Amino acid sequence: MPSLSSGLAHTHPQIRPHNNHLLKSSHYPERFQAVDKRMNKPIVALLTDFGDVDTYVAEVKATILKETRDAVLVDITHQVYPQNILQGAFLLALAAKTFPSNTIFVAVIDPGVGSERAALIIETMSGKTFIGPDNGLLYPAASREKIRQVFRIKSELIPNVSNTFHGRDVFAYVAGLVAAGKDISHLTEPYVLTVQLQLPKPVWGDGWVDSVVLHVDRFGNAITCIEGGLPSDWLIAEVYVNDEWKTVAKVGRFYAEVGMGEPILLVGGTGYLELSVNRGNASKTFGIKPGDRISFVKSRA
Amino acid sequence: MPSLSSGLAHTHPQIRPHNNHLLKSSHYPERFQAVDKRMNKPIVALLTDFGDVDTYVAEVKATILKETRDAVLVDITHQVYPQNILQGAFLLALAAKTFPSNTIFVAVIDPGVGSERAALIIETMSGKTFIGPDNGLLYPAASREKIRQVFRIKSELIPNVSNTFHGRDVFAYVAGLVAAGKDISHLTEPYVLTVQLQLPKPVWGDGWVDSVVLHVDRFGNAITCIEGGLPSDWLIAEVYVNDEWKTVAKVGRFYAEVGMGEPILLVGGTGYLELSVNRGNASKTFGIKPGDRISFVKSRA
Amino acid sequence: MPSLSSGLAHTHPQIRPHNNHLLKSSHYPERFQAVDKRMNKPIVALLTDFGDVDTYVAEVKATILKETRDAVLVDITHQVYPQNILQGAFLLALAAKTFPSNTIFVAVIDPGVGSERAALIIETMSGKTFIGPDNGLLYPAASREKIRQVFRIKSELIPNVSNTFHGRDVFAYVAGLVAAGKDISHLTEPYVLTVQLQLPKPVWGDGWVDSVVLHVDRFGNAITCIEGGLPSDWLIAEVYVNDEWKTVAKVGRFYAEVGMGEPILLVGGTGYLELSVNRGNASKTFGIKPGDRISFVKSRA
Chain A
6 MPSLSSGLAH THPQIRPHNN HLLKSSHYPE RFQAVDKRMN KPIVALLTDF GDVDTYVAEV
66 KATILKETRD AVLVDITHQV YPQNILQGAF LLALAAKTFP SNTIFVAVID PGVGSERAAL
126 IIETMSGKTF IGPDNGLLYP AASREKIRQV FRIKSELIPN VSNTFHGRDV FAYVAGLVAA
186 GKDISHLTEP YVLTVQLQLP KPVWGDGWVD SVVLHVDRFG NAITCIEGGL PSDWLIAEVY
246 VNDEWKTVAK VGRFYAEVGM GEPILLVGGT GYLELSVNRG NASKTFGIKP GDRISFVKSR
306 A
Chain B
6 MPSLSSGLAH THPQIRPHNN HLLKSSHYPE RFQAVDKRMN KPIVALLTDF GDVDTYVAEV
66 KATILKETRD AVLVDITHQV YPQNILQGAF LLALAAKTFP SNTIFVAVID PGVGSERAAL
126 IIETMSGKTF IGPDNGLLYP AASREKIRQV FRIKSELIPN VSNTFHGRDV FAYVAGLVAA
186 GKDISHLTEP YVLTVQLQLP KPVWGDGWVD SVVLHVDRFG NAITCIEGGL PSDWLIAEVY
246 VNDEWKTVAK VGRFYAEVGM GEPILLVGGT GYLELSVNRG NASKTFGIKP GDRISFVKSR
306 A
Chain C
6 MPSLSSGLAH THPQIRPHNN HLLKSSHYPE RFQAVDKRMN KPIVALLTDF GDVDTYVAEV
66 KATILKETRD AVLVDITHQV YPQNILQGAF LLALAAKTFP SNTIFVAVID PGVGSERAAL
126 IIETMSGKTF IGPDNGLLYP AASREKIRQV FRIKSELIPN VSNTFHGRDV FAYVAGLVAA
186 GKDISHLTEP YVLTVQLQLP KPVWGDGWVD SVVLHVDRFG NAITCIEGGL PSDWLIAEVY
246 VNDEWKTVAK VGRFYAEVGM GEPILLVGGT GYLELSVNRG NASKTFGIKP GDRISFVKSR
306 A
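Chains as they are written, first to last, in my numbering: chain A, 6 to 306; chain B, 6 to 306; chain C, 6 to 306.
Looking at chain A on its own, in the form it has when it is part of the complex (with noise of 0.2 Å):
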C-alpha cells in the first residue's frame, strides 16, 4: 500500500493566475447586455446557505418579483453549511449544467458582506448568467460554462443598501433587472475575477487514488472529486478515512447491486464518485463529513 498521506495534492481551494484572455476576449461588448425578451421566460436559480428558518430567501424573492412576475424562481438549495463556499461552489457547478440557458443564478455565501469583496456578474458563452459575491463561489460553475465576460456591480450607485444584506439589496435586485429585460449598463463595469476557485481534483496513483468528499447528500452517499468514477478493472476498493481504514467495497453501477447494508462505490446522478450503503447511510457508518480526505485502494480480492 502507498504512502496515502503524502500524495494529496490541490485539496484546497487554489487562487490561480488570471487569464485575461479568456476572461475579457475583444471579441464580445464591455457594455452588460439586456436579455433577449424573444427567448423563453428567464429562469431565476438561488442557491444560498440562508436555511429556511428565516424570511432571507423570501425577501430575495420579493425583491426579485418587484422588478418582474414573468421569471420562473427555483430554489437550488438554502442549506449549504453556513459560509461553507467550497460546497456551495461544488453544488451550483453540479446544478447549473442541467439547468437551460437564459437562465440566472444567484448564488450567496458570503462571509465577507460588508467589507470591500466586490459583487459580480459573470456572462457565460452558454447564455447563462451568474450574480454573487467575488470569492471563488461562482467560479467553478461559470467557467464550465466558458466565461464570456465579468463585471462589477457597483453597489455603491444602488439606493438603501443594508450593510449585511447584500443577497437581497444587490445580488436579487440586479437579477430581478436582469430577468426583467432592464439596461444595467449603468451598474455595471468590467471586472477582473480576484478569486478563481479551483476544486480539488483526484491524486492517482498505483492502484490507489487519493480524494476529498465535497459533499454529503441526503442519503448520506459521500459524494468525491472523482468525476467519472474508478477505472473498469476495479472491481473492489478498500476506503481509507483521514488515513484511517473504514471497509471493503464493491465498486458498482447501482445500489440494489449489493444486499442491504452493504457498502458500493458508484458514479451517482452527479458524476462523482459516491461511497453509499443500500439503503443506509455511508456517512453515519464511516464517520464522513465534507472536506474530509477519502483514498481508495485497488483490492486483489
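Be aware that one or more of the hints could be misleading.
Identical copies look the same in the list; a pair holds intra-copy or inter-copy alike.
Calculated cross-link-like contacts (lysine-lysine; reagent style BS3-like; alpha-carbon spacing at most 30 Å) [said to hold, decoys possible]:
1) Lys71 <-> Lys46
2) Lys294 <-> Lys255
3) Lys102 <-> Lys251
4) Lys151 <-> Lys46
5) Lys255 <-> Lys151
Treat the hints as calculated values from the structure; they're not laboratory data.
Note that this is a predicted model, so its numbers are computed, not measured.
Dock chains B and C against chain A, hints included.
Below, chains B and C without anything else, positioned relative to chain A:
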C-alpha cells in the same frame, strides 16, 4: 379486552391480482394522449425522498422547465423517509385529491433505480397523470382517482440516461414533455402494473380497533390508517402502541377541546384518525413512529 | 450596573384598546373590493408552522391554484416553532415590508382552529392583503402597512370545511378567490379585531437596554427587538441573557469586523440589533433561544 396481537391484517403492502377490466378498458385509446392545451396551465407536483440539502430537486425542476416554462411547479414534500415507499404512497394519495385535474404528479422513491423495474405513466379518469417507478408508490393515489390507462415509459429510447438518477433523466424529462403538450406516444406503450400497493386497513372488533401509523406529521401527530375516525359513541379510548398501553385519550373534534399537554383522538385535515397532544408532540410523548401498530379500545369511563 | 430585572416592560403580547378610527374609516367602502386586474400578477406569500414533512403546504397551494394559475406563490417560511404566534408575527412583519403591493399574505399559526376565533382578511393602505386567524398573528405586519379595513370571513358559508385544516379550507380557498380577482363580498363582513398583538419593545436606561430575543436565525444570530441598533457612542457592550453575564461584544457594522469566533453586535438585514459570532453560532455559543431576555450594558473599555 380482546387479544390485539391476533387481530391485525393487511398491515403490509399487498399485491393483489391484476384487474384487467379496470386498467385496460377498451373504451379508451391505447396511445398516450397529449394534454388539452386549452385547459389551464398544467401543474407539476413533486414528491420524493431527495431532501433539501442536494441539487436533485432543482435538477428535476430544471429538466421540466427545459421543456416548458408554463407549468406551475409545486413541491408536495421531499422529506419522505429515505426509500420508504409506503409513507410516500400514503402522502401522495393524501395530497393528490386536493390537486385539480391537469396536474402531473412526479413521484420518485426508487430504491430499485438501475434494476429492471419499469418506469410508469398512469392516466386517471379525473384527468390527472402520475409518473414514477413501478414499485407501488403511485398506486394508492392513482387508484383513488380511478385508473384510465397505464403506460410503460420506454426509457431505453431516452438519450443520456444516468444509472442512478431516473428522477431527472426519465421521470422529469417525460413530465416536461407531457406538461408541454408534446406527443410522447413513441416513448410509451400500454403496460400491466406489477405492483399494486394497498395501504393498510384497520381491523375492527367489538369495542376495539387495530391500525397502523402511516405517518408522523411535523406537529408529532400520529396519523393512523383509520379513515373517517371512531364511531360517534366512543367518547374516551385507551391507546396501545405495539401492544403496550400508553394513555387514555378523549375522542374529540379539535385540538383545543383538551387542556395543554393532554392527548386527543380526532380526524385531522388528512381525513384520518390521529393521536395528538394539544400544543405538544404525541410521537415524542408516546414513542410512536410510522409503521408502528396502534390500537384503540373503547373505554367505559 | 442597573438592576436589569426590574426594567423590562411589554415583553409579552399586549392587547390594547381598539382604535376604531384607524380600523374602520368612513372614507373606505365596507364591501370587499376585488384586486385590480390591470396590475401585475398577484403574489401569494405563505407563512405557517406546517414544516416540510407533510402535505399541508402543498394542499394550501393546490387550493389556491384551483382558483388561478396566474398567482406567483412564494414561501416565506413554514418552520415557525409550532403554534408560536409571537415568532410568526415577527417574521411576517419582517418579510411583508419587502413584498410589493398586490401581495396576498396567507399566514396560518392557528392553535385555536376549530374554536370560535374568527378568520380574517385585512386590507392595508399599501395595497397588501393579509389572510389568517384573529389571534394577533397578522397584526404587527398589517399595522405597519397601515390598516385600511378588516373583514371577517364567513367560514360558515364555505362548503366542505374540515375541523382542523382551515389553512386549506378557509384561508387558502379565500386567498385563491382574491388572487383570481373574484368578488368575495358575500363571504365577508366588516369586523373589529379582537387581538392586536404588539411586538415587545426595548426598555432603555442610562447606559443599558433590556430587550427580548424575537428569533434565532439559521446562522444562530440572536435577533433582538431593538430596531435600528445601539447609540453610535456605544463601542463595546456587555451582554446578559436572562440576567446572566455572557460576554463582551464589539458594536459594529458587519460580521467581518471581528475575528473568526468573536462576538459582534450589529444591525442585520432585518433592521434589528442582533448578537452574532463571526463565522460561528451565537445561539449555541451563549445558549440563547427566542423569548429569552437579552440586556446590553455600555462598556467603558
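Outcome of the hint check:
no.	hint	verdict
1	Lys71 <-> Lys46	both (16 Å within a copy, 11 Å between copies)
2	Lys294 <-> Lys255	within (21 Å within a copy, 33 Å between copies)
3	Lys102 <-> Lys251	neither (33 Å within a copy, 47 Å between copies)
4	Lys151 <-> Lys46	within (22 Å within a copy, 35 Å between copies)
5	Lys255 <-> Lys151	neither (36 Å within a copy, 43 Å between copies)
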